[in-house]
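Visitor: Sequence order for the protein chains is X and G.
The letter at position 117 of the first sequence is residue 117 when you use the UniProt record's numbering, and the numbering goes up by one with no holes.
The letter at position 294 of the second sequence is residue 294 when you use the UniProt record's numbering, and the numbering goes up by one with no holes.
Since the hints were made in silico from the structure, they are not lab data.
Here the structure is a predicted model, which means the values were calculated and not measured.
Heads up, a few of these hints could be off.
Okay, derived cross-link-like pairs now, DSBU-like style, lysine-lysine, Cα gap no bigger than 35 Å in a straight line [unchecked claim]:
hint, chain 1, residue 1, chain 2, residue 2
1, X, Lys94, G, Lys22
2, X, Lys94, X, Lys79
3, X, Lys58, G, Lys369
4, G, Lys75, G, Lys92
5, G, Lys7, G, Lys92
6, X, Lys128, X, Lys58
7, G, Lys369, X, Lys94
8, G, Lys343, X, Lys58
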Amino acid sequence: MPGLEDLYREIILDHYKSPRNRGSLEPPAVRAEGHNPLCGDEIEVFISVENDIVADIKISGQGCSISQSSGSMMSAAIKGKPIAEVRALISRFKHMMSIEEGEQPDTSAPLGDLEALQGVVKFPVRIKCAVLSWNTLAEALDIAAE
Amino acid sequence: MSYDVQKLRNDFPVLAEVINDKPLVYLDSANSSQKPLAVIDAMSDFMSHAYSPTNRSAYQMAAHATDLYEGARAKVATFINARHAHEVVFTKNATEALNLVARAWGSANLNKGDVVLLTHMEHHANIVPWQMLAAEHGFTIRWVPLTNDGLLDLTDLDTLLTGAKAFSFTAMSNVLGTINPVAELVAAAHRHGAIAIVDGCQSVPHMVTDVQALGADFLAFSSHKMVGPTGIGMLWGREELLDAMPPFLGGGNMISDVRLDGFTCAELPAKFEAGTQPIIEAVGLGAAVDYLTAVGMENIRQHEIDITTYALNTLTSRFGDDIVIHGSRDVSVRGATISFAYKDVHPHDVSQVLDQTNVCVRAGHHCAKPLMRLLGSNATVRASFYLYNTNHEVDALCDALSAAGDFFTL
Numbered sequence: 001m002p003g004l005e006d007l008y009r010e011i012i013l014d015h016y017k018s019p020r021n022r023g024s025l026e027p028p029a030v031r032a033e034g035h036n037p038l039c040g041d042e043i044e045v046f047i048s049v050e051n052d053i054v055a056d057i058k059i060s061g062q063g064c065s066i067s068q069s070s071g072s073m074m075s076a077a078i079k080g081k082p083i084a085e086v087r088a089l090i091s092r093f094k095h096m097m098s099i100e101e102g103e104q105p106d107t108s109a110p111l112g113d114l115e116a117l118q119g120v121v122k123f124p125v126r127i128k129c130a131v132l133s134w135n136t137l138a139e140a141l142d143i144a145a146e
Numbered sequence: 001m002s003y004d005v006q007k008l009r010n011d012f013p014v015l016a017e018v019i020n021d022k023p024l025v026y027l028d029s030a031n032s033s034q035k036p037l038a039v040i041d042a043m044s045d046f047m048s049h050a051y052s053p054t055n056r057s058a059y060q061m062a063a064h065a066t067d068l069y070e071g072a073r074a075k076v077a078t079f080i081n082a083r084h085a086h087e088v089v090f091t092k093n094a095t096e097a098l099n100l101v102a103r104a105w106g107s108a109n110l111n112k113g114d115v116v117l118l119t120h121m122e123h124h125a126n127i128v129p130w131q132m133l134a135a136e137h138g139f140t141i142r143w144v145p146l147t148n149d150g151l152l153d154l155t156d157l158d159t160l161l162t163g164a165k166a167f168s169f170t171a172m173s174n175v176l177g178t179i180n181p182v183a184e185l186v187a188a189a190h191r192h193g194a195i196a197i198v199d200g201c202q203s204v205p206h207m208v209t210d211v212q213a214l215g216a217d218f219l220a221f222s223s224h225k226m227v228g229p230t231g232i233g234m235l236w237g238r239e240e241l242l243d244a245m246p247p248f249l250g251g252g253n254m255i256s257d258v259r260l261d262g263f264t265c266a267e268l269p270a271k272f273e274a275g276t277q278p279i280i281e282a283v284g285l286g287a288a289v290d291y292l293t294a295v296g297m298e299n300i301r302q303h304e305i306d307i308t309t310y311a312l313n314t315l316t317s318r319f320g321d322d323i324v325i326h327g328s329r330d331v332s333v334r335g336a337t338i339s340f341a342y343k344d345v346h347p348h349d350v351s352q353v354l355d356q357t358n359v360c361v362r363a364g365h366h367c368a369k370p371l372m373r374l375l376g377s378n379a380t381v382r383a384s385f386y387l388y389n390t391n392h393e394v395d396a397l398c399d400a401l402s403a404a405g406d407f408f409t410l
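Pulled out of the complex, with its shape left as it was, chain X reads as follows (with noise of 0.2 Å):
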């Protein structure tokens, strides 16, 4: 059985601790909403896309520290970056957590942070936690490009 230390990787107990980019946005600034229904966890996403970059993102919300952090680190990797880029995160991200089927993403960039979120996979149960942020997201670009 894999033990607790696989799951609560320092760096994911450090993101739920003190999460980067917490808040929200102003219009026009999009916002998204995920909840998981199972478990009553809600997450809100703000992001302002400028020329195809999502230039800020900010993150609310009160769930577990799996879907707290998960949110914390995407926050972290996707600030800045270029939309297609973000999209390919989140391709990877899900396919790293088992729950995307198809081609195997590109995964010669480093994770770096998100790397730490490995160990959810051994607990299946936890994974829907993980992938909230990454689904709310998903459907904040789908906003934006409205």
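Fit chain G to the supplied structure of chain X, relying on the hints for placement.
Guide: Showing chain G alone in chain X's frame:
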């Protein structure tokens, strides 16, 4: 004879399971209970030696299966002191039972301008069916609020009931553990000409239920929370109300005749039992009722009062201000379901650490989101106890909580 919990535990094979060298500590019976060998054997024996469809066939085995199926109904009727066995309708689960009342009774009786009264401590199963129907029929839903210690606030009950046609409420909260004064609420509903619908999912498995003494009109409850199998629930209703209601699901078994221009309904209870019924599950349920009756519902309630007292005292003395227990501290008005917040650790993270020592609790909103909003929380940890739980398991919960606190407090 004193209550011998160790002896009872031997009746439940799963409680002897050892996972990763540690015993199972099952504290999630408010969600679903474990099953005694008597239930497992009854279902297995029926399938191995006597399985047959009911009602429709004339051979001996079918007659025997019908006897078992109807025998289970009679056992349930006796268990809740119903006047007639045919007042007990088998459903898929308690959720379907509540939907049956809302759909069949509600659609015939509720219109624009009418009122249905619910409470702030209802499970989604006693909220959403009414909201679905209200969207079609245009009636209003009112809510009984709660006091700070998690009891129903009955101060304005008469005002809330004015003009109400139905009052649907839980006998015991699945989150707070609060046991509501059912007879008093039923009497209040009747004073205002409203029918009283009781969600008994959390109460029927844990205490004596007497529908005649309560005076209720409907009672919905489930088998799997009372040591029976999943796949079968029950609706008890007063004969005259069930007779007057239109059917719920249409199909085989629920008709007396079908012509090209229409159909006529079967008598109770078949009227509400369309299609092939959960026969094997009914056999298991019958064995579950026998089992609980043999242990004695008064004895089970007393055991749960004792373990709840021990749990509330132990959690408070070990964790002090680090734990916030929702609901009343008065064990005379609460069952053995304890929801709490622990330090600032999210309930998911708490339950993950608890799982390391096989302590099984529920973490989440418990299908009661309006209540959770009232508590100002997205989720709680919920430990729930039943006839087979021990004080030793309360200690195991506390030890695991200590470990969770150590892990998340850096």
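Visitor: A separate judgement is required for each hint: does it hold in the structure or not?
Guide: Going down the list of hints, with the structure as the test:
no. : hint               : verdict
1   : X:Lys94 / G:Lys22  : holds, 34 Å
2   : X:Lys94 / X:Lys79  : holds, 18 Å
3   : X:Lys58 / G:Lys369 : holds, 26 Å
4   : G:Lys75 / G:Lys92  : holds, 18 Å
5   : G:Lys7 / G:Lys92   : holds, 32 Å
6   : X:Lys128 / X:Lys58 : holds, 20 Å
7   : G:Lys369 / X:Lys94 : holds, 28 Å
8   : G:Lys343 / X:Lys58 : holds, 26 Å
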